[in-house]
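Taken in sequence, the protein lines are chains A and B. Numbering of the first sequence is given in the working numbering, commencing with residue 1 and proceeding in unit increments. Numbering of the second sequence is given in the working numbering, commencing with residue 1 and proceeding in unit increments.
Careful, some of the hints might be misleading.
Claimed, not checked - 25 Å max Cα-Cα, derived DMTMM-like pairs, lysine to aspartate or glutamate:
1) 179(B) with 95(A)
2) 152(B) with 91(A)
3) 152(B) with 26(A)
4) 179(B) with 45(B)
5) 179(B) with 92(B)
6) 43(A) with 166(A)
7) 152(B) with 166(A)
8) 58(B) with 91(A)
9) 43(A) with 6(A)
10) 152(B) with 60(B)
11) 152(B) with 216(B)
12) 152(B) with 40(A)
13) 43(A) with 26(A)
14) 58(B) with 43(B)
15) 179(B) with 71(A)
16) 43(A) with 71(A)
17) 179(B) with 43(B)
18) 58(B) with 6(A)
19) 58(B) with 11(A)
20) 179(B) with 158(B)
21) 58(B) with 38(A)
22) 58(B) with 158(B)
23) 152(B) with 95(A)
24) 179(B) with 93(B)
25) 179(B) with 91(A)
26) 179(B) with 166(A)
27) 152(B) with 110(B)
28) 58(B) with 216(B)
29) 152(B) with 71(A)
Stated by the list, open to error - Anything over 10 Å on all C-beta distances counts as not near chain A; from chain B, calculated:
30) 73
31) 80
32) 103
These are calculated hints, taken from the structure and not from any lab test. Here the structure is a predicted model, which means the values were calculated and not measured. C-beta: ideal position from N, C-alpha, C; glycine also.
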Amino acid sequence: MQKRPDLIVCEECDAVYQRMPLGEREIARCLRCGAELERDTGKRLQHLLPLTVGALILFVIANVFPIVTIELQGLSSQTTLIGAVVALTRDGMSEVALLVLATTLLFPLIQLGVLLYLLLPAARATRPPGFVLLLRLMQAARPWGMIEVFMLGILVALIKLSNMAEVIPGPALWSFGGLTVLLTVVVSFNPRYLWHLWEQQQAEQFGDQGAGA
Amino acid sequence: MSRAHEPVSVTLAEDEDLPVADAASQGVIGCHHCGTVWQGATEHEHCGVCHAPLHVRKIDSLTRTWALLIAACIMYIPANMMPVMVTSTLLDEQRDTILSGVIYFWTSGEWGLALVVFVASFLVPLFKLVALGILVISARRRSRWQRLQRAKLYRLVEAIGRWSMLDVFVVSVLTGLVKIHGFANVHAGIGIAAFGAVVVLTMLASLSFDPRLIWDDAPPISTVNKKQEPA
Numbered sequence: 001m002q003k004r005p006d007l008i009v010c011e012e013c014d015a016v017y018q019r020m021p022l023g024e025r026e027i028a029r030c031l032r033c034g035a036e037l038e039r040d041t042g043k044r045l046q047h048l049l050p051l052t053v054g055a056l057i058l059f060v061i062a063n064v065f066p067i068v069t070i071e072l073q074g075l076s077s078q079t080t081l082i083g084a085v086v087a088l089t090r091d092g093m094s095e096v097a098l099l100v101l102a103t104t105l106l107f108p109l110i111q112l113g114v115l116l117y118l119l120l121p122a123a124r125a126t127r128p129p130g131f132v133l134l135l136r137l138m139q140a141a142r143p144w145g146m147i148e149v150f151m152l153g154i155l156v157a158l159i160k161l162s163n164m165a166e167v168i169p170g171p172a173l174w175s176f177g178g179l180t181v182l183l184t185v186v187v188s189f190n191p192r193y194l195w196h197l198w199e200q201q202q203a204e205q206f207g208d209q210g211a212g213a
Numbered sequence: 001m002s003r004a005h006e007p008v009s010v011t012l013a014e015d016e017d018l019p020v021a022d023a024a025s026q027g028v029i030g031c032h033h034c035g036t037v038w039q040g041a042t043e044h045e046h047c048g049v050c051h052a053p054l055h056v057r058k059i060d061s062l063t064r065t066w067a068l069l070i071a072a073c074i075m076y077i078p079a080n081m082m083p084v085m086v087t088s089t090l091l092d093e094q095r096d097t098i099l100s101g102v103i104y105f106w107t108s109g110e111w112g113l114a115l116v117v118f119v120a121s122f123l124v125p126l127f128k129l130v131a132l133g134i135l136v137i138s139a140r141r142r143s144r145w146q147r148l149q150r151a152k153l154y155r156l157v158e159a160i161g162r163w164s165m166l167d168v169f170v171v172s173v174l175t176g177l178v179k180i181h182g183f184a185n186v187h188a189g190i191g192i193a194a195f196g197a198v199v200v201l202t203m204l205a206s207l208s209f210d211p212r213l214i215w216d217d218a219p220p221i222s223t224v225n226k227k228q229e230p231a
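Assemble the whole structure, with the sequences as input and the hints as a guide.
Structure follows, in structure tokens:
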């Protein structure tokens, strides 16, 4: 089989197009189904590493500190994300606990961790160990990270409680808010461009071989 | 700014769809994982860039989507009938289902919130079940009906699916938070497990559905431009 870098295939309807160079911030869409074919990543890639580091710092804060404290008749109670997962497990809901753990902690962490590892300057010079496996893992995790939904969930829960108890927001609440914003930007970067980024570098180093395996 | 790539060799056909070259009919496969285009590749060969197996269409797409969809429909019943949350206080014990939670918000004057929860927890899952059902049935019949609208419908299902996890997270936070001994205790109800299952099953169903099937049997067109063939 032969690689055709001059062609682009629509992911959603299989239409074939001649690849055209994109201008700054341009997006190519499929003429038939309207799906996005390709977008110019340009400068966004440079911003991606600092955004990823920022998101990871917020991620740690969001998970270490309590999200919220409630006070009722002089008694208080607080929880972290892990605390909620443990409480679910104690209620005999270990499947739900696992789902919450995976969608709010495990999958976002995989995405951010892998992205950081692959974007580090040292890793960009050569193909780092585990490149193929990690990038595929990251792409598989992409639909399952749900921090922004969790954030909305926290807000709904707080409004629900505000009628019957005093609600004191914790540091993790603000961190989840910031994390929602940062992750929206980071996740909107399609990891498939990392494949091509690495390929371009390889082509520059060894000269373009054109054909693949 | 938006600009499209040049479609490969368009010939006009008398059909409502824009006739474009279909990768499968051109003997090229776009890797589902990294997007690299391969010519002369066969099914199950591995992509030279990312090593993912190459497929013309997702494997057993309709059968898998259908099976996951039926499972999701079955779980949808306990998800709405069983309590998702049990609140016990000194005086009484209150069992909430998804809809009774919405009604609680509505009667206590939180209309906006009632609407958010109603949309995310009730309408979105129901919409996904119906939409995926329509997509699978019409793709199986190789229907030419409303192809563009169906493609958009699929994109919408993909985009909104995750938001129905909202109620799972609300119950999780409340379960973790409200643990004041003697006064108030919140426990997760069995309904939330069923509800979580509906969300996961419908997400898996939409991931296994291949939107290319919507366009199969679209108007035929001529082959790839000869001048574009590699030397």
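Hints and how they fare:
no., hint, result
1, 179(B) with 95(A), "holds, 21 Å"
2, 152(B) with 91(A), "violated, 41 Å"
3, 152(B) with 26(A), "holds, 21 Å"
4, 179(B) with 45(B), "violated, 55 Å"
5, 179(B) with 92(B), "holds, 16 Å"
6, 43(A) with 166(A), "violated, 46 Å"
7, 152(B) with 166(A), "violated, 44 Å"
8, 58(B) with 91(A), "violated, 39 Å"
9, 43(A) with 6(A), "holds, 23 Å"
10, 152(B) with 60(B), "holds, 22 Å"
11, 152(B) with 216(B), "holds, 16 Å"
12, 152(B) with 40(A), "holds, 23 Å"
13, 43(A) with 26(A), "holds, 12 Å"
14, 58(B) with 43(B), "holds, 11 Å"
15, 179(B) with 71(A), "holds, 11 Å"
16, 43(A) with 71(A), "violated, 47 Å"
17, 179(B) with 43(B), "violated, 55 Å"
18, 58(B) with 6(A), "holds, 24 Å"
19, 58(B) with 11(A), "holds, 11 Å"
20, 179(B) with 158(B), "violated, 36 Å"
21, 58(B) with 38(A), "holds, 21 Å"
22, 58(B) with 158(B), "holds, 16 Å"
23, 152(B) with 95(A), "violated, 33 Å"
24, 179(B) with 93(B), "holds, 14 Å"
25, 179(B) with 91(A), "holds, 12 Å"
26, 179(B) with 166(A), "holds, 14 Å"
27, 152(B) with 110(B), "violated, 33 Å"
28, 58(B) with 216(B), "holds, 13 Å"
29, 152(B) with 71(A), "violated, 47 Å"
30, 73, "holds, 19 Å"
31, 80, "holds, 16 Å"
32, 103, "holds, 13 Å"
Hint compliance for this structure: hints 2, 4, 6, 7, 8, 16, 17, 20, 23, 27, 29 are not met, and every other hint is.
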